[in-house]
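Line order of the protein sequences matches chains A and B.
For the first sequence, the positions run 1 to 286 when the numbering used here is used.
For the second sequence, the positions run 1001 to 1466 when the numbering used here is used.
Watch out, some of these pointers could steer you wrong.
[Unchecked claim] Only pairs whose alpha carbons sit at most 25 Å apart, straight line, appear in this in silico SDA-like list of lysine to any residue: (1) B:Lys1109 <-> B:His1176; (2) B:Lys1067 <-> B:Ile1053; (3) B:Lys1268 <-> A:Asp249; (4) A:Lys54 <-> B:Arg1209; (5) A:Lys247 <-> A:Leu174; (6) A:Lys27 <-> B:Asp1223.
Honestly, the hints are just simulated from the structure, not real lab data.
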Amino acid sequence: MYRIQKKQTLSDTVSLMEVNAPQVARKARAGQFVMVRTREEGERIPLTIADYDKDAHTITLVIQGVGKSTMEMCGLNAGDGFATVSGPLGQPTKIENFGTVLCMAGGVGIAPLYPIARELKAAGNRIITIIGVRTKGMLFWEARMQSVSDVMIITTDDGSYGRKGIVTEPLKELLEERGDIAHVWAIGPAIMMKFIAETTRPFNIPTIVSLNTIMIDGTGMCGSCRVLTDEGPRFVCVDGPEFDAHKVDWNNMMQRLQFYRAEEQAALEHWRHKCQMGAAAAGVKE
Amino acid sequence: MPKKIIIPKKTQMLGQAPAERIHNFNEVTWGYTEEQAMSEAGRCMECARPGCIEGCPVNINIPGFIKLVAEGDFRAAVNLVKETNALPAITGRVCPQEGQCEGLCTLGKKHEPVGIGNLERFVADWEALQGNLHVPVIAPATGKKVAVAGSGPAGLTVAAELARSGHNITVFEALHEAGGVLAYGIPEFRLPKAIVRREVEYVCSLGVRLVRDFVVGNTATVDELLEEFDAVFLGTGAGLPWFLGIAGENLAGVYSANEYLTRSNLMKAYRFPEYDTPIAHGRSVITIGGGNVAMDAARTALRLGAQESIIVYRRTRDEMPARLEEIRHAEEEGVVFELLTTPVAFHDADGRVTGAECIRNKLGVPDASGRSRPVPVSNSNFSIAADIVVIAVGQSPSPLIHRTTPDIDIGRAGAVAVDEKTMKSSKKGVFAGGDIATGGATVILAMGQAKIASRAIAEYLKTGEW
Ligand SMILES: Cc1cc2nc3c(=O)[nH]c(=O)nc-3n(C[C@H](O)[C@H](O)[C@H](O)COP(=O)(O)OP(=O)(O)OC[C@H]3O[C@@H](n4cnc5c(N)ncnc54)[C@H](O)[C@@H]3O)c2cc1C
Ligand code: SF4
Ligand code: FES
């Protein structure tokens, strides 16, 4: 069992966990991920490593409860544990001094973006950060991101904080106004990354995205995670998770991501039902 | 020698009827009863020059153990088998006997061969039923440490052999469950997972430490392992699935066989939603390929409720690499075979696969493998509708380890290059065996290579000479 040392609620749906996983903490680098499973019957879910501490033997995971498995994970507390934490997997981010780098995150993407921005900053880059969330309650790590950014822009869909709108608007303005942006990093929902790719494409600015396709093993054994790129099919778990955003077939990737939508819904209902039954049974006992 | 009465037909194992078994994942056959086993063993002619032993990649003393079965001394029979084969419950079920021992059985020249595989399975299952597994003597500790990467048949065999010689063994497995293909690939209805778990427990009972969730290459590189261990054995298999490289292969609903079978077997998706991992339940499922993997996928599809499960294979039934029993079981269960057929593209609606466009072949001249090459017949295109497609056209070793250890030489088809007499790789202290060295073969060959490696590793630990 991989024990949860610390849990913190970051927003309405997002939790942070520090998990004891010495073998992963020892080797983890920015951009890599782990496969996590809650218990024997659980799914294997890929989660990007948001931070790591070799000396404390821990890695930090930031989890957004969107489906059954991630909601169940968010319900765990310090002292509980995960059945599986395997990694670090995937290629680490290639950190270089590019000059000025735009770091963009949508929603829970803030967490995996942070170590990348931190490393890029340490390598001497000037960091402009754009974070987009639906509403203020979903924003977290603002100060932490600020600490590694030279400029920071926050957008909310509903205008409850920062600028009202979506991240591609300030992105487009920056690209038009300044000629010094050498590289863009973007992590967030597929649709957001797709639109970022479309926005930077005419400016010909190298844009790196971190893909989160459906995975099972995370070691290149099943091909479930594959995406189509201009260079042919690639396995996200071993060739990625970072890819050149301009080469990804976004429509194919989103169609594959949605393949299990009906089953995900069924799993969620089954789980909610079981929780209610559990609560009712506990009620009877009392 | 008294002349034997020849019984021309093999004793058939009883099992579930096809119409019943396609609705569950329980094992298809039940194995021999004691009476059946003794009577089948009685068919053996105790040949002076038995072909069977020669056909067995680990040279089990086949007539010897069969004679003991005929005499009813099952304990002695299983002990004799286990002298050369540590996993008889598994190989009895999954070896391609018709191309090995049974293929060279003297009786088989005119009649059906002796059911050697069935008998091997019988003695192993008999022993398991007795409950008290025979635990061998373990030699005094040598203080030498060996890391084994991968817990498939190759890794488990090396671990068991070396642990018995008193070495300190740690097995590193990438997945959360040990057993390799036996755990994630071969379905429950062909190889019950309880058997695999029993064998893993046996290996652990010899003092072997099993570390799961540990991806060699990532969690630690081979060089890092060599800092802590005196030798490393790579038994990481051939896990990289091949695709066809045709249009539409990345559509939603197109699976590699590895993904389809891993979801069902390892993640127990057939028990969704009790287990969380989903798997698509197709109405019509096409599986591309003609090996064991393809049979396993096509038969899994039936058990997941497919109305139609269709195998598309480019040659004829005779060239299919699958075990004969699997082909027969698939036919009995109603799997449809589209032979001499190759898919050329997959079609879709809104990104989800709806079928395969195929072309017919005729057989041409034999290729390098000795099998006739399929030659496409022009203008023979036709379509098969399907909501799920499973690609089962082969696999090769994953590049994960040599990407991080470039000084391990790679030979043919991504396989680690080894000296076949010792299973030494090009890197000092690193041995390899099983599918990672063959590029993908069988359980018994993996075990055979693992035995060779074990002896060479023991020698290396003693002398330090490479
Ligand atoms: C569906 C299917 C059906 C088959 N049916 C038959 C059959 O009927 N008869 C037969 O004889 N053969 C069959 N085979 C082939 C047979 O299973 C293999 O030849 C055999 O399992 C090879 O054993 P191995 O130990 O070399 O590798 P594997 O069994 O592949 O085991 C390798 C193990 O290493 C682990 N691993 C991989 N990479 C790493 C890493 N970097 N770090 C740590 N661990 C790692 C894997 O997770 C796996 O557990 C079948 C194969 C498949 C896929
Ligand atoms: S070849 Fe066949 S008949 Fe002869 S000893 Fe072997 S199993 Fe018996
Ligand atoms: S998750 Fe299985 S190959 Fe990438």
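Status of the hints after comparison with the structure:
Distance check on the hinted pair: Lys1109 (chain B) and His1176 (chain B) sit about 46 Å apart at the alpha-carbon level, beyond 25 Å; violated. Between the alpha carbons of Lys1067 (chain B) and Ile1053 (chain B) the distance comes to roughly 14 Å, so the proposed pair stays at or under 25 Å and holds. In summary, the hint linking Lys1268 (chain B) to Asp249 (chain A) is not supported, as the alpha carbons are separated by about 31 Å, beyond the 25 Å threshold. A distance of roughly 24 Å separates the Cα atoms of Lys54 (chain A) and Arg1209 (chain B); the hinted pair therefore holds under the 25 Å criterion.
Using a Cα cut-off of 25 Å, the hinted pair Lys247 (chain A) and Leu174 (chain A) holds, with the two alpha carbons roughly 23 Å apart. With a C-alpha separation of about 14 Å, the suggested pairing of Lys27 (chain A) with Asp1223 (chain B) holds against the 25 Å cut-off.
The structure is inconsistent with the numbered hints 1 and 3, although it conforms to all the rest.
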